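Top to bottom, those sequences are chains A and B.
First residue of the first sequence: 1, per our numbering; consecutive thereafter.
First residue of the second sequence: 1, per our numbering; consecutive thereafter.
I should point out that these hints are in silico values taken from the structure, not numbers from a laboratory.
Hints are supplied without guarantee of correctness; some may be wrong.
To be verified - With a cut-off of at most 20 Å between alpha-carbon atoms, the simulated DMTMM-like pairs for lysine to aspartate or glutamate come out as follows:
hint: 1; chain 1: A; residue 1: Lys-57; chain 2: B; residue 2: Glu-1
hint: 2; chain 1: B; residue 1: Lys-110; chain 2: B; residue 2: Glu-15
hint: 3; chain 1: A; residue 1: Lys-70; chain 2: A; residue 2: Glu-27
hint: 4; chain 1: A; residue 1: Lys-70; chain 2: A; residue 2: Glu-95
hint: 5; chain 1: B; residue 1: Lys-103; chain 2: A; residue 2: Glu-59
hint: 6; chain 1: B; residue 1: Lys-68; chain 2: B; residue 2: Glu-26
hint: 7; chain 1: B; residue 1: Lys-3; chain 2: A; residue 2: Glu-59
hint: 8; chain 1: B; residue 1: Lys-40; chain 2: A; residue 2: Glu-95
hint: 9; chain 1: A; residue 1: Lys-70; chain 2: A; residue 2: Asp-56
hint: 10; chain 1: B; residue 1: Lys-41; chain 2: A; residue 2: Asp-56
hint: 11; chain 1: B; residue 1: Lys-103; chain 2: A; residue 2: Glu-95
hint: 12; chain 1: A; residue 1: Lys-57; chain 2: B; residue 2: Glu-15
hint: 13; chain 1: A; residue 1: Lys-53; chain 2: A; residue 2: Asp-73
hint: 14; chain 1: B; residue 1: Lys-37; chain 2: A; residue 2: Asp-73
hint: 15; chain 1: B; residue 1: Lys-106; chain 2: A; residue 2: Asp-38
As the list claims (entries may be wrong) - From the derived model, a few chain A residues whose C-beta atoms are all more than 12 Å from chain B:
hint: 16; residue: Arg-9
hint: 17; residue: Thr-13
hint: 18; residue: Thr-17
hint: 19; residue: Asn-28
hint: 20; residue: Leu-45
hint: 21; residue: His-47
hint: 22; residue: Gly-58
hint: 23; residue: Ser-69
hint: 24; residue: Glu-72
hint: 25; residue: Asp-73
hint: 26; residue: Leu-75
hint: 27; residue: Thr-77
hint: 28; residue: Leu-78
hint: 29; residue: Glu-79
hint: 30; residue: Thr-101
Fair warning: this is a prediction, and the values are worked out from it, not measured in the lab.
Every residue, glycine too, gets a C-beta built ideally from N, C-alpha and C.
Now for the letters of each chain:
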Amino acid sequence: DAGITQSPRHKVTETGTPVTLRCHQTENHRYMYWYRQDPGHGLRLIHYSYGVKDTDKGEVSDGYSVSRSKTEDFLLTLESATSSQTSVYFCAISEADYGYTFGSGTRLTVV
Amino acid sequence: EDKVVQSPLSLVVHEGDTVTLNCSYEVTNFRSLLWYKQEKKAPTFLFMLTSSGIEKKSGRLSSILDKKELFSILNITATQTGDSAVYLCAVNGGSQGNLIFGKGTKLSVKP
């Protein structure tokens, strides 16, 4: 979607390697979120940010860390990738009580 | 525990049919309820509802919220094959504005 981009779009990595996914926005929205989407589970919140250097854990944060050093960038790191982290990852942005805008997603496969 | 439950989980109809998708919720800090449509990529925004009894309408789609009974419905009239998608219901109820998602309803519209 215009205003929010995720990279990479697809990635295959090996078990035990670190992986970083990037979310970049040009909307200057305060809030940014990382979700993962899996069959049978829907979208689940991993981490979110409510400002530069302000982040907090979501429902499924184990094995993930995040950083936000600039308003426009929110990074999600898998410290040591496992097969259970194979998923589609979505970044989202929002401002105040408006709805979310989602990025196009990153399909991550851990082999 | 906050939760959002959608029903049915999947639905197959024929073009021209009318469908009703359901979403019930139990959330501590309700702010709004949102509907999204997800085809192959990112969820796209349909409606945001904050007040009971006020119908939101966009073309053949409409939605209404009942805050007393804690549910919402999404109606699609005169369905078309292009309506085939997963419809996601989400409630803005997290402490930092994070959305809590249901698992979605997969709608298939046959010609």
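Verification of the supplied hints:
no., hint, verdict
1, Lys-57/A - Glu-1/B, "16 Å, holds"
2, Lys-110/B - Glu-15/B, "6 Å, holds"
3, Lys-70/A - Glu-27/A, "13 Å, holds"
4, Lys-70/A - Glu-95/A, "16 Å, holds"
5, Lys-103/B - Glu-59/A, "15 Å, holds"
6, Lys-68/B - Glu-26/B, "11 Å, holds"
7, Lys-3/B - Glu-59/A, "12 Å, holds"
8, Lys-40/B - Glu-95/A, "25 Å, violated"
9, Lys-70/A - Asp-56/A, "16 Å, holds"
10, Lys-41/B - Asp-56/A, "26 Å, violated"
11, Lys-103/B - Glu-95/A, "24 Å, violated"
12, Lys-57/A - Glu-15/B, "43 Å, violated"
13, Lys-53/A - Asp-73/A, "11 Å, holds"
14, Lys-37/B - Asp-73/A, "26 Å, violated"
15, Lys-106/B - Asp-38/A, "14 Å, holds"
16, Arg-9, "10 Å, violated"
17, Thr-13, "21 Å, holds"
18, Thr-17, "26 Å, holds"
19, Asn-28, "16 Å, holds"
20, Leu-45, "5 Å, violated"
21, His-47, "10 Å, violated"
22, Gly-58, "7 Å, violated"
23, Ser-69, "19 Å, holds"
24, Glu-72, "18 Å, holds"
25, Asp-73, "18 Å, holds"
26, Leu-75, "18 Å, holds"
27, Thr-77, "20 Å, holds"
28, Leu-78, "20 Å, holds"
29, Glu-79, "22 Å, holds"
30, Thr-101, "7 Å, violated"
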